[in-house]
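Chains G and Y, in that order, give the protein sequences.
If you count the first sequence from 1, position 44 lands on 44 in UniProt numbering, and the numbers rise without skipping.
If you count the second sequence from 1, position 177 lands on 177 in UniProt numbering, and the numbers rise without skipping.
These are computed hints drawn from the structure, not numbers from a lab.
Small disclaimer: the values here were computed from a predicted structure and weren't measured.
Mixed in with the good hints, there may be bad ones.
The list cannot tell twin chains apart, which means a pair is met if one copy fits it or any two copies do.
Here are the simulated lysine-lysine pairs, DSSO-like style, with alpha carbons at most 30 Å apart [claimed, not checked]: (1) K59 <-> K80; (2) K152 <-> K134; (3) K59 <-> K134; (4) K59 <-> K152; (5) K134 <-> K156; (6) K134 <-> K80.
The residues making up each chain are set out below.
Protein chains: 2
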Amino acid sequence: MPTLEIWLEYASTYSYLTVSRVGALARERGVLLDWQPFWMAPLREQIGMGAPFPHASSKAAYMWRDLERRAHTLGLPYRKPEQYPVNSLQTIRVALVAARQGWCQAFTEEAFRLHWTEGVLIGTEANLHAALGKAGQDPAVVLPLASSPGNKEALKAQTARAIERGIFGSPSFVVGGELFWGDDRLEDALDWAVAQGG
Amino acid sequence: MPTLEIWLEYASTYSYLTVSRVGALARERGVLLDWQPFWMAPLREQIGMGAPFPHASSKAAYMWRDLERRAHTLGLPYRKPEQYPVNSLQTIRVALVAARQGWCQAFTEEAFRLHWTEGVLIGTEANLHAALGKAGQDPAVVLPLASSPGNKEALKAQTARAIERGIFGSPSFVVGGELFWGDDRLEDALDWAVAQGG
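Only chain G is shown next, with the shape it has when bound in the complex (with noise of 0.2 Å):
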């Protein structure tokens, strides 16, 4: 079955975009996702890339406004989050025994959902208990594992593994040795997908 790999960051804003269509268009064109979380400041550093742009540029105000327009557009609800940007560390952690465990679209697409229909942010433990909830998890299992010294490690080589892959954004997609970057990117990364076969 063709797979695509998807690595996302939680605090990215565009992954919105994808988190909530990735399901539908993949079930579409009978693709597998294969889920990677990652965590983007570790990444940024290490790949030598300079601050995102200032929270006050054009480019800012640019972004919030395009991705409402992108949301309507695509017919997705959207309430901007009041916070921004927020500390996704933690969710990225459980996202990623998640992804071990075969459960991370469940989780993510409620973290997601939470955050940007209805201003439950991602960082807060009420976003991560129902997103746990959501996908059948008990918290009391799932966060000790989460911050375990094996997860964290397994963390600092998700890092190694997109640069490795020559990823510097979120949502980035990989199938075979090809990289498609953005929400912009989602329905052609798909299609290439298809196109390599099993």
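We have chain G already, so just place chain Y on it with the hints.
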């Protein structure tokens, strides 16, 4: 008639995809194009944007691969130019005269075509003269106009007008109060112009 402002920096890479497509797409939708050449260097400085990403970065490597792949997907010829970036200032000055006189589209399409498919780079005399010829213009008439103090002032005014609109990159599209950035938003911008009507 619905009108779309198209803001272009002639050293921009992704702008090739737009310049190659916009004429036909606008014609199909009955949208009038209002060509707005601008120079990125002073705009970048005036809005306090940092330097573009380094040439050796993974983001730059991605850009070249993505550009080639997109050109292929869109059915456009593509030959990677041997030099990047190029000095686009003289071409932009000529384009500004062209916009005022109504032959900017023919000039721009040929300048980009030569650069991106034949290795005749923007910034060279060969490119400039061939693009002028294609637009039916005499370099002996146009070049003095392009270098005149009045035109240099007009280019400065373009920077201010671009900043007023919130522009930070090329290609950008403006219709009413709405800004769209990037070749990936070309269709959305044209659709917006149509929805706004005349």
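How the hints compare with the structure:
Within a single copy, K59 and K80 get their C-alpha atoms as close as 17 Å, and across copies as close as 28 Å, so both meet the 30 Å cut-off. Proximity of K152 and K134 under a CA criterion of 30 Å is satisfied intra-copy only: 24 Å inside one chain copy versus 61 Å between copies. Taking the shortest Cα distances, K59 and K134 never come within 30 Å of each other, neither inside one copy (35 Å) nor across copies (36 Å). Proximity of K59 and K152 under a CA criterion of 30 Å is satisfied inter-copy only: 26 Å between copies versus 33 Å inside one chain copy.
Taking the closest pair of Cα atoms, K134 and K156 come within 30 Å of each other only inside a single copy of the chain (27 Å); across copies the shortest separation is 56 Å, beyond that limit. Taking the shortest alpha-carbon separations for K134 and K80, only the intra-copy value of 23 Å comes in at or below 30 Å, while the best inter-copy value is 48 Å.
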